[in-house]
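Peer 1: One letter stands for each residue in the lines below.
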Amino acid sequence: MQTITTLQAVYNSLEHVMDPEIPVLSVLELGMITDVKVDIEGVHIKMIPTFAACPAVDIIKENIKNAVERDLQMPAFVMVDKEVNWNSNRLTNAAKEKLRDFGIAPPARHEGEVSVDLLIKTNCPHCGSENTYLRSPFGSTLCRALHFCRQCGMMFEQFKPLS
Amino acid sequence: MQLQQAIQELITKMADDELVIGHRNSEWTGLGPVMEEDIAFSSMAQDKIGHAWALYRILQESFGGTDPDQFAFLRNARDYRCCHFAEMPIGSYEFSLMRHFLFDHAETVRYQSLSGSSFTPLQHLAGKVKGELKYHTLHADAWIIQLCTAGKDSRRRMQTALDDCFQLAGGIFEPGEGEDLLIAEQIYPGEAALYQQWLNNISPVIEKAGLTLPVLTAPVYGGRKGQHTQYLQQLLEEMGEVFRLDPEATW
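Taken in order, these protein sequences are the chains called A and B. Going left to right, the first sequence walks through residues 0 to 162 as numbering that gives the first Met the number 0 numbers them. Going left to right, the second sequence walks through residues 0 to 250 as numbering that gives the first Met the number 0 numbers them.
I should point out that these hints are in silico values taken from the structure, not numbers from a laboratory. As the structure is a prediction and not an experimental result, all values here were calculated from the model. Incorrect hints may appear among the rest.
Said to hold, decoys possible - List of simulated lysine-lysine pairs, BS3-like, C-alpha gap at most 30 Å:
{"#": "1", "chain 1": "A", "residue 1": "Lys60", "chain 2": "A", "residue 2": "Lys120"}
{"#": "2", "chain 1": "A", "residue 1": "Lys97", "chain 2": "A", "residue 2": "Lys81"}
{"#": "3", "chain 1": "A", "residue 1": "Lys64", "chain 2": "A", "residue 2": "Lys97"}
{"#": "4", "chain 1": "A", "residue 1": "Lys45", "chain 2": "B", "residue 2": "Lys129"}
{"#": "5", "chain 1": "A", "residue 1": "Lys95", "chain 2": "A", "residue 2": "Lys60"}
{"#": "6", "chain 1": "B", "residue 1": "Lys151", "chain 2": "B", "residue 2": "Lys207"}
{"#": "7", "chain 1": "A", "residue 1": "Lys81", "chain 2": "B", "residue 2": "Lys151"}
{"#": "8", "chain 1": "A", "residue 1": "Lys36", "chain 2": "A", "residue 2": "Lys64"}
{"#": "9", "chain 1": "B", "residue 1": "Lys207", "chain 2": "A", "residue 2": "Lys97"}
{"#": "10", "chain 1": "A", "residue 1": "Lys95", "chain 2": "A", "residue 2": "Lys120"}
{"#": "11", "chain 1": "B", "residue 1": "Lys12", "chain 2": "B", "residue 2": "Lys151"}
{"#": "12", "chain 1": "B", "residue 1": "Lys129", "chain 2": "A", "residue 2": "Lys120"}
{"#": "13", "chain 1": "B", "residue 1": "Lys129", "chain 2": "A", "residue 2": "Lys60"}
{"#": "14", "chain 1": "A", "residue 1": "Lys120", "chain 2": "A", "residue 2": "Lys97"}
{"#": "15", "chain 1": "B", "residue 1": "Lys129", "chain 2": "A", "residue 2": "Lys81"}
{"#": "16", "chain 1": "B", "residue 1": "Lys207", "chain 2": "A", "residue 2": "Lys120"}
{"#": "17", "chain 1": "A", "residue 1": "Lys95", "chain 2": "B", "residue 2": "Lys207"}
{"#": "18", "chain 1": "A", "residue 1": "Lys64", "chain 2": "A", "residue 2": "Lys81"}
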């Protein structure tokens with residue numbers, strides 16, 4: 000019983016660990032947490048980066064460790080999970096909604112493979128229009144692409160779909 | 000050659016290619032012809048160097064190799080296994096763009112084949128990298144077609160870039176010593192098979208762009224055996240300059 004309570008407390012704590020590059024989303028909403036275990040040594044958390052070369056991984060690991068140790072008063076060990084690869088379907092629906100509110104178009108759901116169409120057909124997060132085009136598959140961070148909305152004349156970013 | 004050694008050679012050449020071309024891509028930071036291209040080459044540099052790091056990490060963890068940073072920065076030029084194509088200076092924008100097109104399609108083919116590898120660490124990494132590479136080839140294909148259909152002068156320059164790149168690109172597929180063993184053990188299908196698949200993948204884009212694919216008559220080999228161009232030494236000196244000031248420093 001105590002373990003269940005502790006696990007819940009870990010997840011509560013993780014809800015407040017935000018992504019440094021997208022500060023409206025927690026590591027849980029991004030689908031970055033793959034496993035949580037509690038034993039006599041402390042809390043063991045496995046996480047995965049969105050993109051292999053994500054430069055924020057060490058900061059995120061550190062933030063997770065600090066938050067859990069502060070909230071639970073137990074040692075926390077954070078490891079990168081090598082068995083699981085991140086893909087954009089791991090984003091929760093709530094996360095996609097928050098992304099849109101933040102001005103970033105969320106990735107469309109894919110069926111195992113990302114087609115060019117899936118990347119290109121992106122609704123504007125500002126006005127909702129479908130009349131947009133891809134400016135560049137690379138944006139301000141590795142996980143974002145640049146689009147332009149013909150309807151409202153705004154540039155916007157998209158969280159890239161990834162298989 | 001033992002299987003273990005052959006796998007290490009395969010990983011080393013892949014990682015060295017990624018590290019060196021990643022550094023070359025980063026040389027466009029601040030110099031791109033338009034801001035989106037500046038950002039694109041910078042992002043691709045970040046991806047490549049991240050993938051190199053992940054490969055060096057496999058060498059460290061599966062074969063008792065050295066720390067990835069030390070391995071990346073402190074070897075002598077003759078111990079690198081990158082192809083000459085990756086070493087060449089950035090040159091003109093069209094040269095860099097054409098290199099990016101040819102190189103990233105080659106990588107895509109390689110990682111796609113490795114996603115079925117019998118060597119689990121590579122299989123796992125390949126599953127991730129091949130998804131990310133889609134953005135690289137999408138970017139390359141779009142610009143190749145756009146520039147080749149933007150007028151006579153533009154297409155002529157792209158054709159020259161292709162002619163300048165093609166024999167060098169053939170060097171990506173330089174056969175290695177332990178290759179038969181790697182094929183037999185289903186680590187990967189071998190360079191000749193990758194080369195064929197690469198041709199199949201680039202041909203439709205080349206055709207759509209109205210370019211003429213050169214014939215591979217003299218692929219530039221040597222890099223996989225540690226023979227390099229003068230440009231590699233210069234690149235290594237610049238790339239490792241800060242690291243060598245204090246190799247023990249924590250960043």
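Peer 1: Run every hint past the structure and note whether it holds.
Peer 2: Hint by hint, here is what the structure shows:
1. Lys60/A / Lys120/A: Judged against 30 Å, a Cα distance of about 34 Å means the pair is violated.
2. Lys97/A / Lys81/A: Between Lys97/A and Lys81/A the Cα gap is close to 28 Å, so the pair holds against 30 Å.
3. Lys64/A / Lys97/A: holds, 24 Å
4. Lys45/A / Lys129/B: holds, 23 Å
5. Lys95/A / Lys60/A: Distance of about 23 Å is within 30 Å: holds.
6. Lys151/B / Lys207/B: With Cα atoms ~15 Å apart, Lys151/B and Lys207/B stay inside 30 Å; holds.
7. Lys81/A / Lys151/B: Violated. Lys81/A to Lys151/B sits at ~49 Å, over the 30 Å cutoff.
8. Lys36/A / Lys64/A: holds, 14 Å
9. Lys207/B / Lys97/A: violated, 40 Å
10. Lys95/A / Lys120/A: holds, 16 Å
11. Lys12/B / Lys151/B: violated, 38 Å
12. Lys129/B / Lys120/A: holds, 21 Å
13. Lys129/B / Lys60/A: holds, 25 Å
14. Lys120/A / Lys97/A: holds, 20 Å
15. Lys129/B / Lys81/A: Holds, at roughly 16 Å.
16. Lys207/B / Lys120/A: Between Lys207/B and Lys120/A the Cα gap is close to 22 Å, so the pair holds against 30 Å.
17. Lys95/A / Lys207/B: Cα-Cα ~36 Å, so violated.
18. Lys64/A / Lys81/A: Judged against 30 Å, a Cα distance of about 19 Å means the pair holds.
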